[in-house]
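We have chain B; now place chain X onto it with these hints.
2 protein chains.
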Amino acid sequence: MDSLEEKTVKRETIFDGKIIKLVVDDVELPNGKLSKREIVKHPGAVAVIAITAENKMLMVEQYRKPLEKTIVEIPAGKIEPNEDPMLTASRELEEETGFKTNELTHLVSFYTSPGFADELLHIYVAKDLKKQANPLQADEDEFVNILEVNIDEALQLIEEKVICDAKTVYAVQYWKLLNALR
Amino acid sequence: MDSLEEKTVKRETIFDGKIIKLVVDDVELPNGKLSKREIVKHPGAVAVIAITAENKMLMVEQYRKPLEKTIVEIPAGKIEPNEDPMLTASRELEEETGFKTNELTHLVSFYTSPGFADELLHIYVAKDLKKQANPLQADEDEFVNILEVNIDEALQLIEEKVICDAKTVYAVQYWKLLNALR
Numbered sequence: 001m002d003s004l005e006e007k008t009v010k011r012e013t014i015f016d017g018k019i020i021k022l023v024v025d026d027v028e029l030p031n032g033k034l035s036k037r038e039i040v041k042h043p044g045a046v047a048v049i050a051i052t053a054e055n056k057m058l059m060v061e062q063y064r065k066p067l068e069k070t071i072v073e074i075p076a077g078k079i080e081p082n083e084d085p086m087l088t089a090s091r092e093l094e095e096e097t098g099f100k101t102n103e104l105t106h107l108v109s110f111y112t113s114p115g116f117a118d119e120l121l122h123i124y125v126a127k128d129l130k131k132q133a134n135p136l137q138a139d140e141d142e143f144v145n146i147l148e149v150n151i152d153e154a155l156q157l158i159e160e161k162v163i164c165d166a167k168t169v170y171a172v173q174y175w176k177l178l179n180a181l182r
Numbered sequence: 001m002d003s004l005e006e007k008t009v010k011r012e013t014i015f016d017g018k019i020i021k022l023v024v025d026d027v028e029l030p031n032g033k034l035s036k037r038e039i040v041k042h043p044g045a046v047a048v049i050a051i052t053a054e055n056k057m058l059m060v061e062q063y064r065k066p067l068e069k070t071i072v073e074i075p076a077g078k079i080e081p082n083e084d085p086m087l088t089a090s091r092e093l094e095e096e097t098g099f100k101t102n103e104l105t106h107l108v109s110f111y112t113s114p115g116f117a118d119e120l121l122h123i124y125v126a127k128d129l130k131k132q133a134n135p136l137q138a139d140e141d142e143f144v145n146i147l148e149v150n151i152d153e154a155l156q157l158i159e160e161k162v163i164c165d166a167k168t169v170y171a172v173q174y175w176k177l178l179n180a181l182r
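Protein chains in written order, with UniProt numbering: chain B, 1 to 182; chain X, 1 to 182.
Note that these hints are calculated values from the structure, not bench results.
Hints should not be assumed to be uniformly reliable.
Per the computed footprint, the stretches of chain B lying under chain X, defined by three or more beta-carbons under 8 Å from a beta-carbon of chain X, are [unchecked claim]: (1) 48-60; (2) 67-73; (3) 105-112; (4) 117-125; (5) 135-146.
If we take Cβ atoms under 7 Å as the criterion, some of the chain X residues that face chain B in the derived model are [unchecked claim]: (6) Leu4; (7) Gly17; (8) Ile20; (9) Lys21; (10) Leu29; (11) Leu34; (12) Arg37; (13) Val40; (14) Lys65; (15) Leu67; (16) Asp141; (17) Tyr170; (18) Gln173.
Glycine included, every Cβ here is placed at the ideal spot set by N, Cα and C.
Chain B extracted, bound-state conformation:
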């Protein structure tokens, strides 16, 4: 597989922000020619598939500035420096939904946009969910509404493009697969 490798000739840092960093690499292609690659560096994130005892998936309604609209997603958040992704998952679930879990299993991890970003998203499945009387508080610049949706409602929200992001579309398909295998 090494024959496809692109060697870094030079890296220029364009922006180093609060969440992302942007670099531009000059690379040498497998045929010896030069090209440029625009790359977003991201700390990585987690997301949680949490289905309650009533067979409803916990979701959050959140305004996403890049899309200029409010969408519905499974609970998620970025990994803090040196934080174990499983702890991030447990923390974000409680902060965003008020539910705590004693049983968190890693399902899969995937790069969201390998063409231009290194963001790796870890997806966990949470079971044994308990509503907390005094849950952890969300970040001060984060505003969300909590939803509990059954599978038909989730499929309807996809139809309506209110559920419209990779991790949540993946989560609902996972739920369909679970039901199909049952």
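Chain X only, in chain B's frame:
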């Protein structure tokens, strides 16, 4: 849902590249406080789930500079200005795999990373695949190897983290669901 909206106070363009653009927005939060949002603008992309008559999925092995490694993905590519996404899908399938299709169906579209990017990825399912003697040529800075994998191989590649991006993990789960419903 409007109560969650973040109003743009100011937008600063940091970088305007060949593929992505980076802007930083000063926003007014629902509680009246100010915050910043780092946003990557992307033209959007397509990906194609193509299962051959031999029940194998067409995939490409490609070096991804942001990840500094070679991974296996379903055929995909970014949308050119004013291009119909379905034409992009048909073109990318032929350029990357040498197969042409006469039957392309839109499956779903999702934002890959709604927290920091506006990239919208359209996924199509291709049927009636025909190997071309003289297929369209790929972009000059694009080097890929073509693979045809059965479902067990695909699941094994996920296990080995060689398949490790959102669209391809989604595509393999879609394939599992198809088989489960059969």
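**Asked** Going back to the hint list, which numbers does this structure go against?
**Response** Of the numbered hints, 1, 9 and 11 do not hold.
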